[in-house]
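J.: Protein sequences, first through last, are from chains Y and D. For the first sequence, our numbering begins at 1 and goes up steadily by one. For the second sequence, our numbering begins at 1 and goes up steadily by one.
Heads up, a few of these hints could be off.
[To be verified] Cβ pair distances, simulated, as ranges:
#1 Y/GLY7 to D/ASP215: 37 to 45 Å
#2 Y/LEU25 to D/ASP27: 22 to 30 Å
#3 Y/THR23 to D/SER25: 23 to 31 Å
#4 Y/GLU11 to D/VAL62: 30 to 38 Å
Hints listed in this document are in silico derivations from the structure and should not be mistaken for laboratory results. We put the CB at the ideal spot given by N, CA and C, even for glycine.
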Amino acid sequence: MKIKLNGEVLELQDGATVADICTKLGIDNKGIAFAIDSEVVVRDDWEETKLTDGVEVMMIRAACGG
Amino acid sequence: MSEKLIIAGREFNSRLFLGTGKFSSNDLMKASISASETEMVTVAMKRISLSDANDDMLKHIVKDNIQLLPNTSGVRDAKEAVFAAKMSREAFGTNWLKLEIHPDPRYLLPDSIETLKATEELVKLGFVVLPYCQADPVLCKRLEEAGAATVMPLAAPIGSNKGLRTEDFLKIIIEQANVPVVVDAGIGAPSHAAAAMELGADACLVNTAIAVAGDPVRMAVAFRDAVKCGREAYEAGLGAVTAGEAVASSPLTSFLG
Numbered sequence: 001m002k003i004k005l006n007g008e009v010l011e012l013q014d015g016a017t018v019a020d021i022c023t024k025l026g027i028d029n030k031g032i033a034f035a036i037d038s039e040v041v042v043r044d045d046w047e048e049t050k051l052t053d054g055v056e057v058m059m060i061r062a063a064c065g066g
Numbered sequence: 001m002s003e004k005l006i007i008a009g010r011e012f013n014s015r016l017f018l019g020t021g022k023f024s025s026n027d028l029m030k031a032s033i034s035a036s037e038t039e040m041v042t043v044a045m046k047r048i049s050l051s052d053a054n055d056d057m058l059k060h061i062v063k064d065n066i067q068l069l070p071n072t073s074g075v076r077d078a079k080e081a082v083f084a085a086k087m088s089r090e091a092f093g094t095n096w097l098k099l100e101i102h103p104d105p106r107y108l109l110p111d112s113i114e115t116l117k118a119t120e121e122l123v124k125l126g127f128v129v130l131p132y133c134q135a136d137p138v139l140c141k142r143l144e145e146a147g148a149a150t151v152m153p154l155a156a157p158i159g160s161n162k163g164l165r166t167e168d169f170l171k172i173i174i175e176q177a178n179v180p181v182v183v184d185a186g187i188g189a190p191s192h193a194a195a196a197m198e199l200g201a202d203a204c205l206v207n208t209a210i211a212v213a214g215d216p217v218r219m220a221v222a223f224r225d226a227v228k229c230g231r232e233a234y235e236a237g238l239g240a241v242t243a244g245e246a247v248a249s250s251p252l253t254s255f256l257g
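Start from the sequences, fold in the hints, and give me the full structure.
T.: This is the structure we're talking about:
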């Protein structure tokens, strides 16, 4: 299936969860956060939150700023 | 013995807070943070793009003695600020937040109404809210009443390096505040920071003036010392300013006869 991650297409296996996005991108799960449909997905729910085809996911991390 | 700065029950040995924007490299940012002896460092948030998914600046900042202060830069109103705050809590594992709502990109001035609204809501949600705000004494009292952990009035527009343009209002804010007053934005030189501390500000937040300096690490040292000096002078008690005429500091008896 394909999801939209910050507007970019990301291909994941069917039944993938929010946690699988980190695995797919090969990044540490520290210092990041996810939202689906403007609702924050709390860290404890990443493993259980299943993604669906075409879903729009926001993923943020730290940036330099004052 | 210098008075310690305490915010929301946490004690800080340094009264200088640092922003992490505009450094030319992560190494320079890290060295400047270290040289400044700061214990409070701000970070922003950005959307990850697939091409730079591994670009993690956080590893350059995280240290046991440093309180991360995520900001809400980029939000336009209270609703977006609350969303950003929740995202930051998940990402950084802290409920501390620099609330900044400045919808106008030209002057980056904070929206007082939305800032107050967001403070009220975020405090109820358990956040430790440090709002960046106008140097407005009435607003600062309202933010304090809403449960803000500090108030952070601006000295001048963000990144302008203009110094204490709001000095008269900062004095009133400091006089009235029952929470720490952090002078944020516009501090362009160590002398500005020292002046803010001499007024009785509890801390200064500095970013641009250090990050864009010819030698950011040495400028971080200069700000570190300026903040210490200004605080020391405030606690020591500055002498009164006279109306105009000189007041002799040496005896005026004519010892030569």
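J.: For which of the previously enumerated hints does the structure constitute a violation, in increasing order of number?
T.: none
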